[in-house]
Amino acid sequence: MNATGAWQVIWSARGGRAGAIVLALLLLVAALGPPVLPNPRAMPDLGRVSLQPPGPGHWLGTDRDNRDVLSRVVNGARVSLAVAAGAVALSVTLGTLVGMLAGYAGGWVDTLLMRLVDAALAVPRLFLLLIMVAIMERIPLGVLILVLGATGWFGTSRLVRAEVLRLRQLDFVHAAEALGASRRRIAVAHLLPNVAGPLAAATTLAVGDVILLEAGLSYLGLGVQPPMPSWGGMILEAQPYLITAPWTSLAPGLAIVITVLAVNLVGEALHQAFAPVRA
Amino acid sequence: MTALLEVAQLRVSFPSPRGPVWPVDGVSFTLERGETLALVGESGSGKTLTGLSLLRLLPAGGVIDPASRLLLSGQDLLALGPEPLRQVRGRRIAMIFQDPMSSLNPVLTVGDQIRETILAHLPVPKMEARSRAEALLAEVGIPEPRERYRSYPHQLSGGMRQRVMIAIALAAEPEILIADEPTSALDVTVQAQILELLDRLRAARGMAVLLVTHDLGIVAGRADRTLVMYAGQIVEEAGTAELFARPAHPYTRGLFASIPRLTGARRRIEPIPGMVPPPGEWPAGCRFRNRCPSVMDQCATEPPVKAPGPGRACRCWL
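Taken in order, these protein sequences are the chains called A and B. Residue numbers for the first sequence follow this note's numbering, so the first one is 1 and each next one is one higher. Residue numbers for the second sequence follow this note's numbering, so the first one is 1 and each next one is one higher.
There may be inaccurate statements among the hints.
To be verified - Chain A is faced by these chain B residues, among others (derived, beta-carbon under 8 Å):
| id | residue |
| --- | --- |
| 1 | Ser43 |
| 2 | Glu116 |
| 3 | Thr117 |
Keep in mind the hints are simulated off the structure, nothing from the lab. Glycine included, C-beta positions come from ideal geometry on N, C-alpha and C.
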């Protein structure tokens with residue numbers, strides 16, 4: 001399964017195609033959005049009354065500080081997507097390393113690593129995050145990514161380990177051993193590419209999880225710190241105006257829903273494609 | 001002159017709830033340069049494990065008894081550390097497996113899989129490894145080797161895949177090729193082609209071939225000598241023509257009697273009753289006695305190895 005193959009898999013499933021289009025649009029907006037927006041840095045529109053309803057000038061209205069909601073949602077997309085991408089990249093790398101090591105080395109290495117993972121999985125991830133985040137007073141974005149990534153690899157390592165245990169029983173791994181391939185070569189050239197499929201599916205689904213987690217943390221005031229916009233933080237700030245100015249919370253809320261839905265559609269398409277045993 | 005490969009008293013154990021069992025129990029033979037030696041037996045006779053033992057590639061739990069001797073040109077294979085052992089695998093002794101559908105990596109092109117074995121063993125630059133891989137594809141009879149280099153295994157037929165597997169096995173120019181049921185998963189029409197290819201390559205490269213099979217039909221006219229294996233032991237050894245003309249062991253005779261024939265006088269097929277019992281449930285004395293048509297009282301004690309002719313051996317009281 002190479003890159004083109006994976007792309008065909010996503011594109012041929014109806015949900016996967018819809019998710020991919022939405023995700024591409026989101027990335028495009030996040031990448032291009034702020035420079036072309038009317039108010040790129042979402043500075044307060046001073047001199048006018050705050051909490052303006054959607055209309056010309058402010059398509060999604062303004063918030064309590066009279067900042068343009070659309071601009072903040074787009075800027076928030078940058079932050080949220082960057083946090084998600086960074087954290088997932090970290091957790092997938094860690095999970096793959098640990099999973100490969102446990103699955104291929106076996107023995108006490110496997111036992112030790114997997115018991116540690118069991119212990120980590122026994123603690124709900126949000127509590128783990130709350131503890132780690134609560135220790136620090138102000139959390140820089142980099143640390144938030146690190147913390148989210150460092151708590152997200154447990155499931156991935158189990159998935160990779162299970163795949164490696166299955167693969168190493170297959171004939172082509174035995175054949176590679178019989179022909180004198182080194183252990184490192186077998187791990188990198190024979191096991192890893194065959195793990196890539198299920199891993200891609202799990203990774204995509206993890207992006208959705210992390211976006212939700214980051215939003216949740218920011219909503220609790222522990223994630224991305226104001227004035228940097230994040231979707232969760234925006235909903236927190238909009239809470240008092242839920243009834244009087246619903247656009248302030250609806251816009252970031254919908255952004256979260258749409259993003260997570262799109263990511264999950266793509267992940268689900270990948271998952272479906274890799275679920276049956278490949279010939 | 002020492003033999004290319006000398007196997008003496010090879011024993012392999014596996015743990016079981018009732019203590020260790022020995023599915024390979026005292027196998028001895030030699031393999032000379034350039035010859036084809038057939039190792040024949042039913043499923044469960046230990047022939048595949050014997051082949052795997054030569055590369056020290058046993059399934060989990062399997063242990064080669066340290067008293068066994070495996071000598072490759074006089075070099076003790078059992079004394080090798082991991083890295084020297086890796087250098088023997090593929091470079092001096094290579095192996096091809098029964099099912100070409102599963103023994104190729106589905107995510108790598110066939111060319112890359114050949115090149116990988118070249119680069120693992122030979123000090124050649126990457127570009128040259130590629131041209132060598134293409135030459136190997138041509139040598140094993142694959143048309144348009146340049147185009148096929150970029151094919152994935154699923155784009156090839158079973159016969160083509162087995163040719164690719166052979167090309168991979170030959171990539172580092174081994175002295176010994178172990179072919180474990182190389183044609184059992186293929187169509188009958190393709191079987192003959194693959195066997196002829198193996199024969200041609202053996203002759204061209206002066207390579208020794210250990211042909212592991214359950215099929216006496218593919219042994220005839222191909223192997224120089226044949227070992228018949230039953231329940232972890234070699235029960236008969238003979239030149240292939242001799243063995244076919246005058247099988248000595250009742251088990252060998254039983255194998256011949258169970259092959260249907262298209263020519264000659266009509267006769268009844270006589271299958272050997274029962275199956276090879278699993279290791280650990282082998283009878284004391286002759287292990288074949290429960291299925292043997294000519295069983296006698298003394299079969300309950302270990303039978304001697306007799307020599308019914310020059311270069312022959314037979315483990316039987318008869």
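A quick look at each hint next to the structure:
Contact between Ser43(B) and chain A, as hinted, is not supported at the beta carbon level, the nearest pair being about 17 Å apart and thus beyond 8 Å. Interface hint status for Glu116(B): upheld, as the beta-carbon distance to the closest one in chain A is roughly 7 Å, under 8 Å. A least Cβ separation of about 5 Å between Thr117(B) and chain A falls short of the 8 Å threshold, and the interface hint therefore holds.
Of the numbered hints stated above, the single one contradicted by the structure is hint 1.
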